[in-house]
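J.: So the sequence lines, in the order shown, correspond to chains A and B. The first sequence begins at 1 in full-length UniProt numbering and counts up by one. The second sequence begins at 1 in full-length UniProt numbering and counts up by one.
Hints were generated in silico from the structure; no laboratory data involved. Treat the hints loosely; a few may be bogus.
The list cannot tell twin chains apart, which means a pair is met if one copy fits it or any two copies do.
[Claimed, not checked] As a list, the in silico SDA-like pairs of lysine to any residue whose alpha-carbon atoms are at most 20 Å apart:
hint : residue 1 : residue 2
1    : K268      : P89
2    : K268      : E210
3    : K268      : L204
4    : K47       : A111
5    : K84       : G286
6    : K47       : Q176
7    : K76       : E245
8    : K47       : V175
9    : K287      : G236
10   : K32       : T241
11   : K84       : F51
12   : K268      : S205
13   : K287      : R263
14   : K268      : A111
15   : K268      : G151
Chain residues, written in single-letter form:
Number of protein chains: 2
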Amino acid sequence: MRYAVIGTGAIGGFYGAKLQRSGLEVHFLLHKDYAHVQRHGLKIYSKDGDFHLYPVHAHADPATIPVCDVVLIALKTTQNYRLKDLLPPWVADQGILLTLQNGLGVEPQLARLVHPGRVVLGGLCFICSHRGAAGEIHHQDYGSLTIGAYGDGYQPQGVTPLLETMASHWRQADVQTFLAPDLGYARWKKLLWNVPFNGLSVVLSATTTEMVADPHIHALARELMEEVRQAAASQGVAIPTADLEQMLRSTATMAPYVTSMKRDYDRKMPLELDAILGYPLAVAHGKGVALPRMTMLHQLLQHLDRHNRLPGEEAPEKVSA
Amino acid sequence: MRYAVIGTGAIGGFYGAKLQRSGLEVHFLLHKDYAHVQRHGLKIYSKDGDFHLYPVHAHADPATIPVCDVVLIALKTTQNYRLKDLLPPWVADQGILLTLQNGLGVEPQLARLVHPGRVVLGGLCFICSHRGAAGEIHHQDYGSLTIGAYGDGYQPQGVTPLLETMASHWRQADVQTFLAPDLGYARWKKLLWNVPFNGLSVVLSATTTEMVADPHIHALARELMEEVRQAAASQGVAIPTADLEQMLRSTATMAPYVTSMKRDYDRKMPLELDAILGYPLAVAHGKGVALPRMTMLHQLLQHLDRHNRLPGEEAPEKVSA
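The following block holds chain A by itself, in its conformation from the complex (with noise of 0.2 Å):
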């Protein structure tokens, strides 16, 4: 069995580095760290034990990619427009594609940069990670996957045989690992949390902890959840009440968290705008429902992320202000 990792930072990198250990065979495209992950291989530094992965098979050119079973895309949703150029050739008719990306309409942009009928596969990662040095991981907490299968529109494709063979590597590979029926309810129940804690965490510069701590901040997730919710609702997800409360309750209990869209925030790097808050809300809108807290939500990030970042990481539509 053969990986491809299609991004090597704090998901394809943590992900990845478990498959290889477990025994796979893993490919790793590198883009900055290339040289030095080719010399010294990936340090992950887990809360589940520190490990050192060499040799690793590095990769700076997706053309020297080996065909692979499975390609794992787990680039920052904001590199997708750079995807055609990142993938294998051989990925249009060879290999399952299974994005570990955030949020929501990744899986239909895969799908249509391969051959129709080809499978992709949307996983969930539940992760504190992040980035440290060069080749350096930093695995905070939690870790599991939900693997779901995508049809046409997120309709509910089902355990599938191929989900059950997926989950018997990750859970090999040290992985706790969920299968989900319904990829459009896991996706959008992870986005109940997504929008209002990376969303607010950038706004406020604030941590979970620090959120939910100010009844007026745990008052919006709450409503800012209430919305995501109705937008589940037109794309006909149904997401019980309760699954909210328990949410809410659970990120009061969690350690203090710097939200991965705040640690690229302070990076200078493009925020997952379109993935987290464009496309759930462009579905939502395109069946007439209103979401004014989440529209607000996105208008008041695309201002911040347009003024944050670096030269040369501005998308080629910025307003000029």
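Let chain A serve as the given structure and place chain B on it in line with the hints.
T.: For chain B alone, coordinates are given in the frame of chain A:
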């Protein structure tokens, strides 16, 4: 004609100085800068010409202020909980109260502090000014004053002979003065600008020019204005949509401006949230009108305000986070 100025900052200092320069007797209540102003007077750096006011009737204690015909209230509204101690004792029976404060709901606060039937006027300052070093006030732009009479629940009082007299003082002091037959309308119309631009300037760390140049924030500002319009309508105050469009256009052409709320934030002072957002939201909620964007802006600003204040500037109800 004698005036007292309670709060000698960017507003009270500027307008009080103009009144004294025109020949009226003006008594200034000061706190931090008392000794400096007592000794050196006030220096006004104005786009209409600088001037030095000396000598000045400076007071550190409201009890030393002689009975005046008019008492100008020019404190930040965040200090209004101290008003009872900052007003001269004769105010309950003598003198006309004229508040130059921001937002909505300050006149009923004043009315409750004095004997029933005492005259309370509201003044709206359209001015860009700020404090500099001790005893120094910088007046950048605009400078007009709109005065209206307060009646219970902002019932329109029309233009009274008293208002005409007041206007004649101000005009002699070279202040462009307008009379508002409906103070509530004037207050709500000013909120149309203050809610989006004061509020968003803090959340986004942006000038007016940066905000209106961003199409997302321009859209959000219009949506917030629309909610202010709905809130006003719930109080029987009709604001034409044309006012809103005109205000957006004039903001786009004014010089880049750091709003007063952003200046307070940068100086780590408490923000005028009750007058600009809390009270307007409360009266609209009282009529069953939901205002999701204004509410969200209020929630965000309450969090930012609490985490921004200097030690000792915290409100007693501070929530630890």
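J.: Check K47 against A111 for me: Cα-Cα at most 20 Å, and say if that holds within a copy, between copies, both or neither.
T.: neither (35 Å within a copy, 62 Å between copies)
J.: When Cα atoms must be at most 20 Å apart, do K287 and G236 count as within-copy, between-copy, both, or neither?
T.: within (11 Å within a copy, 34 Å between copies)
J.: Tell me, please, which holds for K32 and T241 at an alpha-carbon limit of 20 Å: within, between, both or neither?
T.: Answer is neither: 43 Å inside a copy and 53 Å across each miss the 20 Å cutoff.
J.: How would you label the pair K268, A111 (within, between, both, or neither) given a Cα cut-off of 20 Å?
T.: Neither: 30 Å inside a copy, 51 Å across copies.
J.: 20 Å Cα cut-off: does K268 pair with G151 within a copy, between copies, both or neither?
T.: neither (35 Å within a copy, 52 Å between copies)
J.: Under a CA distance limit of 20 Å, which applies to K84 and G286: within one copy, between copies, both, or neither?
T.: For K84 and G286, the Cα distance exceeds 20 Å both inside one copy (27 Å) and across copies (55 Å).
J.: If the cut is 20 Å between Cα atoms, do K268 and S205 qualify within a copy, between copies, both or neither?
T.: Classified as both; 14 Å inside a copy, 16 Å across copies.
J.: Within, between, both or neither: how does the pair K84, F51 come out at a Cα-Cα threshold of 20 Å?
T.: Classified as neither: same-chain Cα gap 33 Å, cross-chain 67 Å, threshold 20 Å.
J.: Can you give me the call for K268 and L204, within, between, both or neither, at a CA distance of at most 20 Å?
T.: The answer is both: 16 Å in one copy and 16 Å across copies each meet 20 Å.
J.: Given a CA cutoff of 20 Å, do K76 and E245 count as a within-copy pair, a between-copy pair, both, or neither?
T.: Neither: 29 Å inside a copy, 39 Å across copies.
J.: How would you label the pair K47, V175 (within, between, both, or neither) given a Cα cut-off of 20 Å?
T.: within (13 Å within a copy, 67 Å between copies)
J.: Indicate which option fits the pair K268, E210 if close means a Cα-Cα distance not exceeding 20 Å: within, between, both or neither.
T.: Only across copies: K268 and E210 sit 19 Å apart there, 22 Å inside one copy, limit 20 Å.
Violated hints, listed in ascending order, are 1, 4, 5, 7, 10, 11, 13, 14, 15; each of the other numbered hints is respected by the structure.
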